[in-house]
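First to last, the sequence lines map onto chains Y and U. Heads up: the first sequence begins at 1 in this note's numbering, then just goes up one per residue. Heads up: the second sequence begins at 241 in this note's numbering, then just goes up one per residue.
None of these hints come from the bench; they were simulated from the model. Positions of the beta carbon are idealized from the N, C-alpha and C atoms, including for glycine. Any given hint could turn out to be false.
In silico lysine-lysine, DSSO-like type, Cα no more than 27 Å apart, as pairs [what the hints assert, rightly or not]:
(1) K353/U - K126/Y
(2) K296/U - K202/Y
(3) K250/U - K117/Y
(4) K64/Y - K44/Y
(5) K117/Y - K296/U
(6) K126/Y - K300/U
(7) K346/U - K250/U
(8) K365/U - K346/U
(9) K47/Y - K197/Y
Partial selection, computed: residues in chain Y whose CB lies under 7 Å from chain U [claimed, not checked]:
(10) L76
(11) N80
(12) K110
(13) G111
(14) N155
(15) G157
(16) D166
(17) P225
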Amino acid sequence: MLEKSVDYHGFQMLARFNCMATQGKIAHFANTFILRVTMQPLSKSSKLNNVCYDIRGPVLARAKEMEEEGQRIIKLNIGNPAPFGFEAPEEILQDVIRNMDGASGYTDSKGLFAARKAIMHYTQQKNIRGVGIDDIIIGNGVSELIVMSMQALLNNGDQVLVPMPDYPLWTAAVTLAGGTARHYLCDEQSGWMPDLKDIENKITANTRGIVLINPNNPTGALYPPEILQGIIEIARHHGW
Amino acid sequence: MIFADEIYDKVLYDGNTHTSVASLADDVLFVTFNGLSKNYRTCGYRAGWLVISGEKRHAKDYIEGLNMLASMRLCANVPGQLAIQTALGGYQSIDDLVAPTGRLCKQRDLAYKMLSEIPGVSCVKPKAGLYLFPRLDPKIYPIEDDQQFILDLLLEERVLLVQGTGFNWHAPDHFRVVFLPNVDDLTEAMTRIARFLENYRKQHSTISLVSNTSSKELAHKDKKQNVQA
Ligand SMILES: Cc1ncc(COP(=O)(O)O)c(C=O)c1O
Chain Y
1 MLEKSVDYHG
11 FQMLARFNCM
21 ATQGKIAHFA
31 NTFILRVTMQ
41 PLSKSSKLNN
51 VCYDIRGPVL
61 ARAKEMEEEG
71 QRIIKLNIGN
81 PAPFGFEAPE
91 EILQDVIRNM
101 DGASGYTDSK
111 GLFAARKAIM
121 HYTQQKNIRG
131 VGIDDIIIGN
141 GVSELIVMSM
151 QALLNNGDQV
161 LVPMPDYPLW
171 TAAVTLAGGT
181 ARHYLCDEQS
191 GWMPDLKDIE
201 NKITANTRGI
211 VLINPNNPTG
221 ALYPPEILQG
231 IIEIARHHGW
Chain U
241 MIFADEIYDK
251 VLYDGNTHTS
261 VASLADDVLF
271 VTFNGLSKNY
281 RTCGYRAGWL
291 VISGEKRHAK
301 DYIEGLNMLA
311 SMRLCANVPG
321 QLAIQTALGG
331 YQSIDDLVAP
341 TGRLCKQRDL
351 AYKMLSEIPG
361 VSCVKPKAGL
371 YLFPRLDPKI
381 YPIEDDQQFI
391 LDLLLEERVL
401 LVQGTGFNWH
411 APDHFRVVFL
421 PNVDDLTEAM
431 TRIARFLENY
441 RKQHSTISLV
451 SNTSSKELAH
461 KDKKQNVQA
């Protein structure tokens, strides 16, 4: 790790010197200086100090080593259907291929009109009212948008209510944005339903909102309308 | 405001239906997240979206912030975007996979059954999604560091799982299982997990406890299934 960082730092310096060298000034100096300079250790940003994403964590790193040694490992660690023989529907694949010709330019930053229109119709099927094309942003997976939605919202010290257990990107995204995830209990005894009392108990003056993962990863719970109404009532009451 | 991550909203078993929280009120701000990764088994396309709905008037500045961040990364991967219209409008093949005879449902049932049969392991049967989150009775499995526990499982049985604390769970007494492998591979994986846990019980001399607590454990499971129904 350290070696790589130093290499990278060295590479950047080399690039800078090369640039001067091509201007015909210090080619010789650059070559000798690079050899002597001592590199400072390059550490990651302190913004990442409490950020944690163990789904691709240290145990996976060990599993990769074992695979490189030739061992076969059954990987039940990540929700990635394709390697288990789940194929993308053929119709989707065909349409992507057919339209690839037109895919080499940037689109509107919120995404292609036709795609957003289809999403808009989907919100109508799900009875979400009043959604226009401009209320939709397409991203590189939900992952990018989770990070974006937290970066756009949080100041240092702000709090977000995040389920426990959670899909850990949510906690990581809150932390990275300078906020604090307050974990509310999902109760195993009641089929992993969010505990509304615990949610109430964890609200402070700095709470900016609440995250619901429904259907839930990792518990497999599906929330009935009564629970959702209870959460809406709390949000309404606190004016977020 | 309410952030609703609904990326598994079509991966539903036993005829369950999904309600979007944003459909239940107009006077609260909602940001709803969804995408193609799971419902259409296209994780690699990187196609997802967020939808802003409900009361937006007080949130103009936040929405402007979101738009700024979207502009700064220019746009999402365009080939992935091309899949969205066809996916949402076309034949919903996920329905076949989650039906009682479908692959995902069968695999869920198998994983649930095999895990629940292991002494000291209890599990809420998933209604949706691709995962189980079983509990290890701490009396029978006195685990202190669940990452080490998962590492030991990997080294001994070559099965890779993620420990409960990886999902910010507060105690080292859960783990997550992905039930995506086909029935044969899943059976093999569950057999290995059961063997590992049996060895664990032997090493920690908790075997005798199992028989003492098994009836209680069963009562506990029954109670949970009632709650489920
Ligand atoms: C709850 C939840 N949200 C978001 C994601 C990320 O999805 P995407 O592939 O759209 O980035 C996952 C993936 O596992 C997930 O389980």
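Evaluated hints:
Of the supplied pair hints, the one linking K353/U and K126/Y is violated, its CA atoms being roughly 33 Å apart against a limit of 27 Å. Pair hint K296/U plus K202/Y holds up; C-alpha atoms about 25 Å apart against a cutoff of 27 Å. Only pairs whose Cα atoms come within 27 Å are accepted, and K250/U paired with K117/Y is accepted, the gap being roughly 19 Å. Taking the CA atoms of K64/Y and K44/Y, the gap is near 23 Å; set against the 27 Å cutoff, the hint holds.
This hinted pair checks out: K117/Y and K296/U have alpha carbons roughly 20 Å apart, not beyond 27 Å. For the suggested pair K126/Y and K300/U, the alpha carbons sit about 24 Å apart, so the restraint of at most 27 Å is met. As the CA atoms of K346/U and K250/U are separated by approximately 16 Å, the hinted pair is consistent with the 27 Å bound. Our distance criterion of 27 Å between C-alpha atoms is met by K365/U and K346/U, whose separation comes to about 13 Å.
For the hint pairing K47/Y with K197/Y, the CA-to-CA distance comes to about 32 Å; that exceeds 27 Å, so the pair is violated. Because the closest C-beta pair between L76/Y and chain U is about 4 Å apart, less than 7 Å, the hint holds. Because the closest C-beta pair between N80/Y and chain U is about 5 Å apart, less than 7 Å, the hint holds. A least Cβ separation of about 6 Å between K110/Y and chain U falls short of the 7 Å threshold, and the interface hint therefore holds.
Given hint, G111/Y at the interface with chain U, holds; its Cβ is 6 Å from that chain's nearest Cβ, closer than 7 Å. Interface hint status for N155/Y: violated, as the beta-carbon distance to the closest one in chain U is roughly 11 Å, over 7 Å. At its closest, the beta carbon of G157/Y sits 17 Å from a beta carbon of chain U; the interface hint therefore is violated under the 7 Å criterion. Using the Cβ-Cβ criterion of 7 Å, the hint placing D166/Y at the interface with chain U is satisfied: the shortest such distance is roughly 5 Å.
Because the beta carbon of P225/Y sits about 5 Å from the nearest beta carbon in chain U, less than 7 Å, this interface hint is met.
Comparing the model with each earlier hint shows violations of hints 1, 9, 14 and 15; every other hint is respected.
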